[in-house]
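Trainee: Each protein sequence line maps, in turn, to chains B and S.
Sequential numbering from 1 applies to the first sequence in my numbering.
Sequential numbering from 637 applies to the second sequence in my numbering.
In case anyone wonders, no lab produced these hints; they're calculated from the structure.
Treat each hint with caution, since some may be false.
[Claimed, not checked] Only pairs whose alpha carbons sit at most 20 Å apart, straight line, appear in this in silico DMTMM-like list of lysine to aspartate or glutamate:
| id | chain 1 | residue 1 | chain 2 | residue 2 |
| --- | --- | --- | --- | --- |
| 1 | S | K638 | B | D15 |
| 2 | B | K363 | B | E514 |
| 3 | B | K629 | S | D763 |
| 4 | S | K638 | B | E553 |
[Unchecked claim] Taking CB as the label site, the calculated pair distances span:
| id | chain 1 | residue 1 | chain 2 | residue 2 | range |
| --- | --- | --- | --- | --- | --- |
| 5 | S | T778 | B | G245 | 13 to 21 Å |
| 6 | S | T779 | B | L496 | 46 to 54 Å |
| 7 | S | T778 | B | S331 | 39 to 47 Å |
[What the hints assert, rightly or not] So these bits of chain B aren't anywhere near chain S, every CB distance computed over 10 Å:
| id | residue |
| --- | --- |
| 8 | D15 |
| 9 | V194 |
| 10 | R466 |
| 11 | F483 |
| 12 | A619 |
All residues carry an ideal CB built from backbone N, CA and C; glycine is no exception.
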Amino acid sequence: MVEQRLSVIADTDLDRAGLERELEKTWGAQPGFWGMIATVDHKVIARRYIVTAFVFLILGGLLALAMRLQLAQPEARFINPDRYNQIFTMHGSNMMFLFAVPVMEAMAVYLVPLMVGTRNIAFPRLNAFSYWVFLAGGILLWLAFLLDAAPDVGWFAYVPLAGPEYGAGKRADIWAQMITFTELSALAIAVEIVVTVFTQRAPGMSLDRIPLLVWAMLVMAFLVIMAMPAIMFASSTLIMDRLVGTQFYNPAEGGDALLWQHVFWFFGHPEVYIIFLPAVGMVSTILPTFVQRPVFGYLPLVMALIATGILSFGLWVHHMFVVGLPRLGESFFTASSMAIAVPAGIQIFCWLATLWAGRPVFKVPMLFIIGFIITFVIGGLTGVMVASVPFDTQVHDTYFVVAHFHYVLIGGAVYPLLAAIYYWFPKMTGRMMSEILGRWAFWLIFIGFHLTFFPMHILGLQGMPRRIYTYQPELPWGGLNLFVSLSSVMLAAGFLVFFIDAVRSCVHGPKAGENPWNAPTLEWATSSPPPSYNFRSIPVVEDRNPLWSRPGELTVAAGLRTDRRELLVTSVVEALPHARESSAPQSVWPFWAAIATSIMLIWSMFSAWAVVWGSMPIAIALIGWFWPKGAPEEES
Amino acid sequence: MKERVALDVSHLPLHATGTASPTWWGTCAFMLIEASGFSLAIAVYFYLMSLAPIWPIDVPPPDLRAGTVLTALLVASVVPNMLVSRWARQRNMWRVRVGLVVMSVTGIVPLVFRAYEFPALHVLWDDNAYGSITWTILGLHTTHILTDLVDTLVLTCLMFSRHGDNARRYGDVEDNCLYWNFVVITWLPIYACLYWVPRL
Numbered sequence: 001m002v003e004q005r006l007s008v009i010a011d012t013d014l015d016r017a018g019l020e021r022e023l024e025k026t027w028g029a030q031p032g033f034w035g036m037i038a039t040v041d042h043k044v045i046a047r048r049y050i051v052t053a054f055v056f057l058i059l060g061g062l063l064a065l066a067m068r069l070q071l072a073q074p075e076a077r078f079i080n081p082d083r084y085n086q087i088f089t090m091h092g093s094n095m096m097f098l099f100a101v102p103v104m105e106a107m108a109v110y111l112v113p114l115m116v117g118t119r120n121i122a123f124p125r126l127n128a129f130s131y132w133v134f135l136a137g138g139i140l141l142w143l144a145f146l147l148d149a150a151p152d153v154g155w156f157a158y159v160p161l162a163g164p165e166y167g168a169g170k171r172a173d174i175w176a177q178m179i180t181f182t183e184l185s186a187l188a189i190a191v192e193i194v195v196t197v198f199t200q201r202a203p204g205m206s207l208d209r210i211p212l213l214v215w216a217m218l219v220m221a222f223l224v225i226m227a228m229p230a231i232m233f234a235s236s237t238l239i240m241d242r243l244v245g246t247q248f249y250n251p252a253e254g255g256d257a258l259l260w261q262h263v264f265w266f267f268g269h270p271e272v273y274i275i276f277l278p279a280v281g282m283v284s285t286i287l288p289t290f291v292q293r294p295v296f297g298y299l300p301l302v303m304a305l306i307a308t309g310i311l312s313f314g315l316w317v318h319h320m321f322v323v324g325l326p327r328l329g330e331s332f333f334t335a336s337s338m339a340i341a342v343p344a345g346i347q348i349f350c351w352l353a354t355l356w357a358g359r360p361v362f363k364v365p366m367l368f369i370i371g372f373i374i375t376f377v378i379g380g381l382t383g384v385m386v387a388s389v390p391f392d393t394q395v396h397d398t399y400f401v402v403a404h405f406h407y408v409l410i411g412g413a414v415y416p417l418l419a420a421i422y423y424w425f426p427k428m429t430g431r432m433m434s435e436i437l438g439r440w441a442f443w444l445i446f447i448g449f450h451l452t453f454f455p456m457h458i459l460g461l462q463g464m465p466r467r468i469y470t471y472q473p474e475l476p477w478g479g480l481n482l483f484v485s486l487s488s489v490m491l492a493a494g495f496l497v498f499f500i501d502a503v504r505s506c507v508h509g510p511k512a513g514e515n516p517w518n519a520p521t522l523e524w525a526t527s528s529p530p531p532s533y534n535f536r537s538i539p540v541v542e543d544r545n546p547l548w549s550r551p552g553e554l555t556v557a558a559g560l561r562t563d564r565r566e567l568l569v570t571s572v573v574e575a576l577p578h579a580r581e582s583s584a585p586q587s588v589w590p591f592w593a594a595i596a597t598s599i600m601l602i603w604s605m606f607s608a609w610a611v612v613w614g615s616m617p618i619a620i621a622l623i624g625w626f627w628p629k630g631a632p633e634e635e636s
Numbered sequence: 637m638k639e640r641v642a643l644d645v646s647h648l649p650l651h652a653t654g655t656a657s658p659t660w661w662g663t664c665a666f667m668l669i670e671a672s673g674f675s676l677a678i679a680v681y682f683y684l685m686s687l688a689p690i691w692p693i694d695v696p697p698p699d700l701r702a703g704t705v706l707t708a709l710l711v712a713s714v715v716p717n718m719l720v721s722r723w724a725r726q727r728n729m730w731r732v733r734v735g736l737v738v739m740s741v742t743g744i745v746p747l748v749f750r751a752y753e754f755p756a757l758h759v760l761w762d763d764n765a766y767g768s769i770t771w772t773i774l775g776l777h778t779t780h781i782l783t784d785l786v787d788t789l790v791l792t793c794l795m796f797s798r799h800g801d802n803a804r805r806y807g808d809v810e811d812n813c814l815y816w817n818f819v820v821i822t823w824l825p826i827y828a829c830l831y832w833v834p835r836l
């Protein structure tokens with residue numbers, strides 16, 4: 001056994017200030033550049049993730065504006081067709097893989113450990129690794145764009161267009177490998193979330209007391225775990241078809257182009273719910289605070305989250321209604337696509353009931369939630385419309401679909417995300433965002449959004465296909481397109497106000513206390529921003545809304561050591577304390593492992609041997625990562 | 637906020653073992669990821685088979701010998717593997733060391749037979765879709781054997797080092813055994829799929 005150190009310090013031996021000092025010494029990050037690289041604090045990594053994802057949102061938004069500029073008038077010549085293809089591909093890929101999924105996961109990385117009352121996420125080094133891999137994937141894609149070598153095959157990269165026959169050069173490979181990067185990082189976070197929720201909840205936080213956001217993140221993590229292997233399989237086989245001549249997608253040699261669509265959408269549909277479920281978790285968590293009553297229907301809400309997660313795997317063919325599949329299969333997928341509206345409806349009714357029974361306070365986060373409910377219901381209804389095969393056949397690949405998925409993605413996910421940023425910004429930074437600028441941002445975004453995207457339904461019904469770089473003046477689309485383009489400026493202005501507010505509030509915002517909104521969940525039981533160790537003492541939970549049931553008082557556990565990073569491991573169902581487990585200290589090895597992984601992945605776009613030779617540095621980095629260093633965290 | 641101590645945890649162990657351990661859950665989560673990958677690969681195999689007029693495309697079914705010997709070896713390896721896991725639970729250092737050396741060899745031998753499995757398919761990865769999917773599935777499983785082998789080798793070195801005698805390391809050995817069982821169990825449907833489905 002590792003020799004027990006004589007100077008074991010327990011939290012019970014110290015007064016409050018002494019305890020904080022000791023904990024900071026053990027959990028705090030080392031100063032300097034390498035300390036920054038090596039940190040494994042979930043809050044620091046999540047903040048990096050969120051900021052990086054929002055930078056990608058800005059870049060993706062600029063691409064959208066470029067497209068709107070091009071489409072504002074017929075026969076415009078701002079962007080040439082090849083660049084336009086790159087831009088819409090980049091816009092979609094960037095928004096889905098570099099913004100939406102990562103930002104939702106980053107919110108989970110920040111909030112889940114705090115909401116379940118623990119001191120760090122499970123596998124904190126994997127968390128650090130995940131961020132570096134994500135960053136490398138994003139840089140790969142955007143560097144390619146700068147070099148005029150960005151993918152140009154659409155965000156779902158259908159073969160044969162993306163295959164070896166038509167997709168010359170490395171553009172499609174860059175798309176496929178960017179997918180591998182982001183999926184790798186997403187899978188890593190999913191594992192961390194599942195294990196954090198299963199084993200690190202505060203004592204007493206039984207399954208029926210888990211905050212709804214944490215439930216949502218847990219279901220999302222399982223969706224990632226089961227859906228993302230599909231896209232990794234897809235992207236890897238696409239690269240293999242292009243690099244070493246496999247025949248997966250070549251019908252001439254027994255392959256099948258539709259196989260790509262099946263595999264892609266088997267991932268791609270759950271992907272929508274990977275983005276959407278965290279968003280509804282945010283709504284279910286924020287709403288009760290602003291009506292100051294517990295959420296109506298906790299159990300149905302949890303059931304709805306799980307049901308949505310399961311049903312999301314049975315919908316993928318509705319993206320393929322026009323490829324000529326058997327009629328019976330199409331009918332099945334129509335039914336399942338409509339069925340998923342049921343759990344969505346249950347959630348909407350629970351939220352309405354919560355609003356009805358409480359006293360709503362219309363602060364900025366609440367405005368975004370109301371905006372979400374309105375916008376998402378419209379997007380959901382057009383979703384039920386396109387679930388019907390005859391209707392879908394008419395509007396497939398038109399602007400109707402573009403309108404629909406922006407309603408569900410921006411309305412369904414970005415609004416709740418902005419609500420979440422306004423809501424948790426005080427926790428993350430210690431400062432409030434501006435209520436005035438927030439209202440400006442909300443109204444500009446809300447009105448700008450509807451003016452931009454609602455007319456696209458009409459353009460779609462008028463037959464305007466998506467992904468065209470221009471159109472002729474004789475077609476009846478010019479007026480509406482100009483209107484949409486002008487409205488998009490308003491939408492962009494709303495986001496600009498939001499970003500100005502965020503940056504300004506970071507420095508000048510009024511100081512937020514521990515719990516500025518009088519919210520009931522555990523993340524508000526610690527200082528804003530939380531210290532490196534999250535909680536001075538691990539909370540003990542006795543009901544679903546711990547900060548409301550005993551205002552001003554927190555029941556806690558005592559007896560943890562402070563001379564090593566120690567947290568509590570509890571049982572899965574009832575959260576009974578099992579052990580005082582250690583949490584891995586900081587390390588630079590995850591960074592080196594991510595560098596080695598990035599080199600291997602990029603190299604493997606050019607040579608299959610990269611998989612052999614490139615794996616060796618990865619193995620070395622992983623051994624360095626896991627080899628014991630004799631730290632007190634090793635004690636058992 | 638006022639704190640009220642409601643629970644004393646000072647008597648709890650310094651490390652969670654078995655199914656209480658986060659590492660155990662992490663291993664399970666990674667196995668679920670990989671099981672999803674394997675299931676999908678097998679689904680693609682059947683999908684391509686359903687499209688082909690004859691299956692395997694243009695070649696006879698794979699020769700059984702290498703794959704069957706490998707299957708027998710993998711199944712037999714479960715016995716020493718379970719023993720190592722039990723010894724690790726009992727924290728019997730000497731037996732764990734011997735067991736890990738045995739399991740390292742047990743990881744290498746199947747690779748020899750695996751090398752003969754690829755030619756036994758009678759098809760190259762770029763000949764047709766049948767070749768592509770069979771090489772991919774075999775390759776995917778080979779990376780799993782390799783990963784566990786490297787893990788076992790590193791653990792063996794670790795158990796012979798001064799860091800070995802630690803409940804965490806015994807837990808690592810148990811998780812490694814769990815993962816090897818996973819590698820063996822996932823092989824069985826793959827074996828049935830690659831070698832027997834074409835003979836139906």
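Trainee: Take the hints in turn and mark each one as holding or not.
Mentor: Quick rundown of the hints versus the structure:
no.	hint	verdict
1	S:K638 / B:D15	holds (14 Å)
2	B:K363 / B:E514	holds (18 Å)
3	B:K629 / S:D763	violated (49 Å)
4	S:K638 / B:E553	holds (5 Å)
5	S:T778 / B:G245: 13 to 21 Å	holds (20 Å)
6	S:T779 / B:L496: 46 to 54 Å	holds (47 Å)
7	S:T778 / B:S331: 39 to 47 Å	holds (41 Å)
8	D15	holds (12 Å)
9	V194	violated (5 Å)
10	R466	holds (28 Å)
11	F483	holds (44 Å)
12	A619	violated (6 Å)
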